[in-house]
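Q: Each chain, letter by letter, is given below.
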Amino acid sequence: GNSVTQMEGPVTLSEEAFLTINCTYTATGYPSLFWYVQYPGEGLQLLLKATKADDKGSNKGFEATYRKETTSFHLEKGSVQVSDSAVYFCALTSNTNAGKSTFGDGTTLTVKP
Amino acid sequence: GAVVSQHPSWVICKSGTSVKIECRSLDFQATTMFWYRQFPKQSLMLMATSNEGSKATYEQGVEKDKFLINHASLTLSTLTVTSAHPEDSSFYICSARVGTRNEQFFGPGTRLTVL
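Top to bottom, those sequences are chains A and S.
The opening position of the first sequence corresponds to residue 1 in our numbering, with each subsequent residue numbered one higher.
The opening position of the second sequence corresponds to residue 1001 in our numbering, with each subsequent residue numbered one higher.
Check before you lean on any hint, since a few could be wrong.
As the list claims (entries may be wrong) - Chain A side only, calculated, beta carbon under 8 Å to chain S, not exhaustive: (1) L44; (2) K49; (3) A50; (4) A53; (5) K56; (6) N95.
Just so you know, these hints were derived from the structure itself, not from any lab.
Beta carbons are placed, not taken as given, at the ideal position from N, Cα and C, and that holds for glycine.
With the sequences and hints as input, model every part of the structure.
A: Next up, the structure:
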């Protein structure tokens, strides 16, 4: 079956530091890959996505590249801000699984001033 | 576009009562909606897949008589937690799928607290 493995947290960084949150996956077919962000007490917000190999998703300074050869979709940001503090979920969706999404366990990011 | 709403955003109820949560796709038609449950500091757990006009498909270990799902139209799915107990307290999130696209749009979630 499909699975997503995320870098364990929590991750604590100082403002303006470089961020990497690792995500690898196993899936049948050709999944689409996503990063979601969840702020305390709120639902999930789509951060970025990539639908095929070598695609790069980007939004608000965050980037992730769909690497089929390493089955990875690592999230990066060059300079984090305090407002980036949240929980980040890596996920995949595949048509071979009736469109269901498979989520990683989430990584809590705290950015200190 | 692709906005999903949930109502209510939070609810507190007494043990033994039933609670209905609505999930609406506001600007698109969703043939498939998904219901998730999230415990504190944990990931989302898929409970069931709701298809318009047919019975919901429940994941293993989810009681279908406990969590009733109705998807009566292309823009509305409801989750009813029947005879709620404190252990049902959780954050419930729905999502909607557009056609056969590999993307889901998430609602803001409903916080259920059962006293």
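Q: All the hints need checking, so say for each whether the structure fits it.
A: Cross-check of the supplied hints:
no.: 1; hint: L44; result: holds, 4 Å
no.: 2; hint: K49; result: holds, 7 Å
no.: 3; hint: A50; result: violated, 11 Å
no.: 4; hint: A53; result: violated, 14 Å
no.: 5; hint: K56; result: violated, 17 Å
no.: 6; hint: N95; result: holds, 6 Å
Violated hints, listed in ascending order, are 3, 4, 5; each of the other numbered hints is respected by the structure.
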